[in-house]
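> Line by line, the protein sequences are chains A, B and C. Numbering-wise (the numbering used here), the first sequence opens with residue 16 and increments by one. Numbering-wise (the numbering used here), the second sequence opens with residue 16 and increments by one. Numbering-wise (the numbering used here), the third sequence opens with residue 16 and increments by one.
In short, the hints are calculated from the structure, not lab data. Treat the hints with care, since some could be wrong.
Straight line, CA to CA, 25 Å or less: simulated SDA-like cross-link-like pairs of lysine to any residue [what the hints assert, rightly or not]:
{"id": "1", "chain 1": "A", "residue 1": "Lys142", "chain 2": "B", "residue 2": "Leu209"}
{"id": "2", "chain 1": "B", "residue 1": "Lys142", "chain 2": "C", "residue 2": "Leu202"}
{"id": "3", "chain 1": "C", "residue 1": "Lys139", "chain 2": "A", "residue 2": "Leu212"}
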Amino acid sequence: MPASASRSLIRPSLDWLLVFVPIGIIVRFVPRLHSPTVLFIVSCLAIIPLAAWMGRATEHLAKRLGSGIGSLLNATFGNAAELIIAIFALSKGLEGVVKASITGSIIGNLLLVLGFSFFSGGLKFPKQEFNRTVASASASALTLAAIGLTIPTIFHQAATRVPAQAGGWTVLREHQLSLAIAVVLFLTYVATLLFSLVTHRSLFAGEAETSEPSEPQAEALTWGMKRAVIVLATTTALVALTSEFLVGAIEQTRSRLGLTEVFLGVIVVAIIGNAAEHSSAILMARRNKMDVSIGIALGSSMQIALLVAPVLIFASYLFGRPMHLEFSIPEVVAVIASIIIVEQITSDGESNWLEGVQLLSVYAILAILFFFLPDLH
Amino acid sequence: MPASASRSLIRPSLDWLLVFVPIGIIVRFVPRLHSPTVLFIVSCLAIIPLAAWMGRATEHLAKRLGSGIGSLLNATFGNAAELIIAIFALSKGLEGVVKASITGSIIGNLLLVLGFSFFSGGLKFPKQEFNRTVASASASALTLAAIGLTIPTIFHQAATRVPAQAGGWTVLREHQLSLAIAVVLFLTYVATLLFSLVTHRSLFAGEAETSEPSEPQAEALTWGMKRAVIVLATTTALVALTSEFLVGAIEQTRSRLGLTEVFLGVIVVAIIGNAAEHSSAILMARRNKMDVSIGIALGSSMQIALLVAPVLIFASYLFGRPMHLEFSIPEVVAVIASIIIVEQITSDGESNWLEGVQLLSVYAILAILFFFLPDLH
Amino acid sequence: MPASASRSLIRPSLDWLLVFVPIGIIVRFVPRLHSPTVLFIVSCLAIIPLAAWMGRATEHLAKRLGSGIGSLLNATFGNAAELIIAIFALSKGLEGVVKASITGSIIGNLLLVLGFSFFSGGLKFPKQEFNRTVASASASALTLAAIGLTIPTIFHQAATRVPAQAGGWTVLREHQLSLAIAVVLFLTYVATLLFSLVTHRSLFAGEAETSEPSEPQAEALTWGMKRAVIVLATTTALVALTSEFLVGAIEQTRSRLGLTEVFLGVIVVAIIGNAAEHSSAILMARRNKMDVSIGIALGSSMQIALLVAPVLIFASYLFGRPMHLEFSIPEVVAVIASIIIVEQITSDGESNWLEGVQLLSVYAILAILFFFLPDLH
């Protein structure tokens with residue numbers, strides 16, 4: 016959830032879902048009530064409002080810290096909830112779920128969040144306009160990310176045809192390749208931050224300003240430093256706790272519901288982790304603030320690919336069980352397809368409801384694929 | 016063959032080919048003259064003018080029915096000739112030919128029709144301009160369609176690596192997946208009709224109007240209701256009859272000429288089925304009406320992908336031998352390559368003869384591929 | 016190195032590298048000093064300034080010959096150094112190196128040359144603008160080329176699944192397919208020349224003119240006919256000699272340094288062969304002449320794909336050992352990925368330093384791939 020602090024003042028009425036936080040704790044620790052499927056569903060529902068509050072606290076803190084460090088904080092912790100869930104999954108060796116949730120977050124933000132935004136905005140306005148330049152800047156970062164996430168798979172496909180002693184595929188080489196690519200992606204993310212926060216900040220500042228005037232009391236409502244820190248610490252702790260419940264229940268839920276790892280990661284976990292982005296982006300689209308809406312969807316996808324994915328690779332070395340970036344071919348195709356159609360649809364700087372339907376159709380087609388697809392190990 | 020009724024008034028001088036209709040009947044029913052190869056060629060030639068007359072009758076009828084139902088009729092029956100041929104081929108179990116002709120119709124319209132239009136128009140005018148917005152709207156629908164037609168192949172490639180009892184590939188799952196995707200594509204087509212005929216009709220009306228003034232006697236020449244219905248009924252019956260001849264002769268012709276199913280479908284059947292589009296689009300390009308020209312080429316491709324392909328899947332269930340949407344990898348690559356180069360060439364809203372040559376070169380490269388490619392079963 | 020003669024007047028200070036020409040001769044012919052690795056490195060360094068002088072002589076000769084034949088000469092001999100190296104490698108049967116250097120020249124020009132140009136230009140200017148139309152014309156030629164270079168690989172992958180007697184893959188069919196595609200690519204190149212030198216020369220003339228005024232003494236400095244011919248003949252002979260050294264030392268150097276054929280071709284040979292383009296393009300970017308900079312990078316890539324690659328196929332028949340155009344899948348992916356990101360980044364007619372970093376990141380990711388990739392035979 017990047018940039019524009021004005022979003023912090025939108026309160027999507029998801030707060031009643033907070034009731035699932037204590038329910039989750041009860042289900043987890045009262046032995047008679049214990050049921051993995053129930054715990055999984057309750058944890059999913061509990062994370063949605065927690066992630067939203069975490070985002071809000073981050074933005075308020077960012078405002079208090081001033082534009083320099085504040086923007087950095089905002090840009091870096093935007094997807095903290097996804098990251099926490101993924102790190103728990105990683106620590107339990109659920110590498111398949113982790114990678115599927117990276118794929119799912121990217122396509123979910125690009126197709127589902129943007130699709131619903133264009134669709135619901137388009138029902139109110141026949142044509143909505145947005146800043147083409149900013150959209151296209153995110154798009155090229157996404158293409159770069161897609162190339163980075165595709166290469167390990169290409170390496171695997173090609174190198175397995177050669178015996179290991181002749182330089183063919185080995186787990187070690189796959190890890191070295193992935194680590195090297197993760198470093199490149201991470202450095203590109205740092206360069207992107209330098210660009211948007213230092214050398215070309217005026218380009219992006221304009222975006223935030225335009226959304227300000229409509230919220231005259233915005234500044235007044237900014238939380239105090241203390242409050243922001245307390246809320247951030249509390250929500251982070253609760254997200255961590257609930258993520259631990261969720262991840263602990265994944266395996267059993269999966270086999271009971273007959274779902275594959277990849278479907279669970281790509282569709283379920285990704286929708287949960289991005290629920291806050293969904294509600295904000297759609298709200299902004301209905302207020303005809305398409306730049307904010309697109310900034311959330313594209314920015315969040317970019318952050319997952321250039322920041323979260325590399326950080327997970329680095330983290331996997333801390334856990335002593337290195338993860339590589341090799342995705343299955345269907346996942347690679349899903350990411351590439353999403354990026355291509357989004358670039359094409361956003362390249363003219365205009366949206367309408369049909370374009371929303373087209374994005375949602377692509378999401379539906381990919382969801383059908385992942386529903387039928389068996390787990391590939 | 017979508018929208019703009021003005022095209023109905025262009026009479027490409029293909030009418031002399033009507034002589035092959037009776038010749039076909041003679042060749043088919045006079046035992047001494049019977050030769051599959053001759054029957055195949057004669058049927059091909061006979062379908063060309065019949066398809067053109069069918070299109071014309073549809074458009075006149077559409078005009079008489081008024082803009083609402085008329086436009087719907089026009090938009091839905093535009094590729095009726097292709098559909099009739101494909102349904103006959105399907106009923107004889109020639110699934111390979113059916114799918115190859117879907118591929119061929121898409122790449123034929125995108126590369127051959129558009130390529131010749133840009134080339135021949137470009138020989139007369141150094142630079143020709145067209146409405147970028149309408150071109151890009153069709154382009155994103157085509158991208159969506161390409162994703163839909165690619166996914167079953169990706170599923171097949173990935174799922175065959177897993178044993179069937181572990182959720183791997185089975186014919187049933189491939190059929191379910193294809194049917195689900197066909198439903199999504201069909202619903203997207205319905206949404207596209209709603210967009211162009213109801214919520215945003217003014218966007219597309221402009222296109223038709225601009226081409227009107229140069230045909231002042233257009234309205235006067237519109238056929239009466241009765242005449243339109245009779246011509247439509249007659250040509251439909253004749254197309255059906257001739258398609259039956261053509262499809263019946265395919266298998267024997269193929270083995271005699273040493274052609275593969277895929278070459279026959281992609282190159283021969285596709286050129287025949289789209290001959291009417293070819294002549295109209297080129298004529299309009301030479302009159303510098305590039306919007307109409309592009310509307311024909313892109314619109315026809317989009318209709319094949321979003322309407323004809325799903326309808327064929329639905330029809331295959333009526334015949335009791337379900338077809339799936341899994342194309343061979345070369346077909347998928349051909350469709351994706353065509354869409355990418357067309358999008359790129361049309362994205363600037365200008366054309367010249369070199370761009371026509373580039374499209375034709377891609378067509379030539381793909382035709383070379385399908386010429387050398389064996390049938391993959 | 017296409018068009019604009021003004022570049023001939025930029026003298027990148029690479030001339031001191033000429034000292035490696037005599038050093039190379041000594042290393043090669045004095046038995047005591049003979050070392051393949053040293054000879055390889057010395058030859059690489061010697062070719063850099065020779066290629067630059069060859070380019071300069073070609074451009075001066077082109078000016079003297081007048082715009083018709085001159086432009087043709089300029090457009091055709093722009094990549095002569097790469098061609099000479101490749102022909103020597105071909106004559107020694109190093110087909111893998113030849114193809115890898117085609118791949119490498121394309122991605123090197125697109126990502127490295129353009130990336131460094133955007134980056135170093137972007138450090139001086141916050142935003143640089145260029146002619147979108149010319150960039151997009153080269154881009155569609157590159158897409159066409161990418162399709163042409165991909166199809167033989169697709170054919171191979173599909174046809175090897177079918178037995179040879181049923182029409183499956185054979186070496187002969189691969190050669191026929193490649194030759195047919197090479198003819199199409201070559202004819203497209205001829206059409207491109209006709210377009211830029213005959214029917215639409217004014218479009219491209221504008222580009223050259225704008226760069227003229229800043230070099231008022233340009234015309235005065237044009238070499239005499241005699242001088243140009245002598246320099247061209249001498250440098251061509253020296254490039255040929257040094258290429259012979261370089262190619263002769265490749266195999267032994269490779270095994271000593273533990274590098275694969277593909278890494279050597281894609282990364283090393285490609286950087287050497289394009290060093291002159293690098294220095295000119297970057298210099299022009301720092302002078303804010305982005306059109307020249309982009310013309311060099313895109314034009315050179317296009318020439319490799321549409322002229323050099325087909326000519327190498329034709330030449331391989333003269334040597335009696337026909338080469339085909341089938342690239343490995345990683346090479347195909349690298350070329351497609353480069354073209355896609357370049358098109359996207361250049362499509363808005365603006366560049367900045369971050370876009371340079373993005374191109375360089377993609378190059379780094381591809382270099383990592385080719386470093387880890389074993390040779391695939």
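> Is lysine 142 (chain A) close enough to leucine 209 (chain B), meaning Cα to Cα at most 25 Å?
holds, 15 Å
> Given the hinted pair lysine 142 (chain B) and leucine 202 (chain C), is their alpha-carbon gap at most 25 Å?
Holds. Lysine 142 (chain B) to leucine 202 (chain C) sits at ~22 Å (cutoff 25 Å).
> Could you grab the alpha-carbon distance between lysine 139 (chain C) and leucine 212 (chain A) and see if it respects the 25 Å cut-off?
Measuring from Cα to Cα gives roughly 18 Å; hence the hint holds.
Comparing the model with each numbered hint stated earlier shows that all of them hold.
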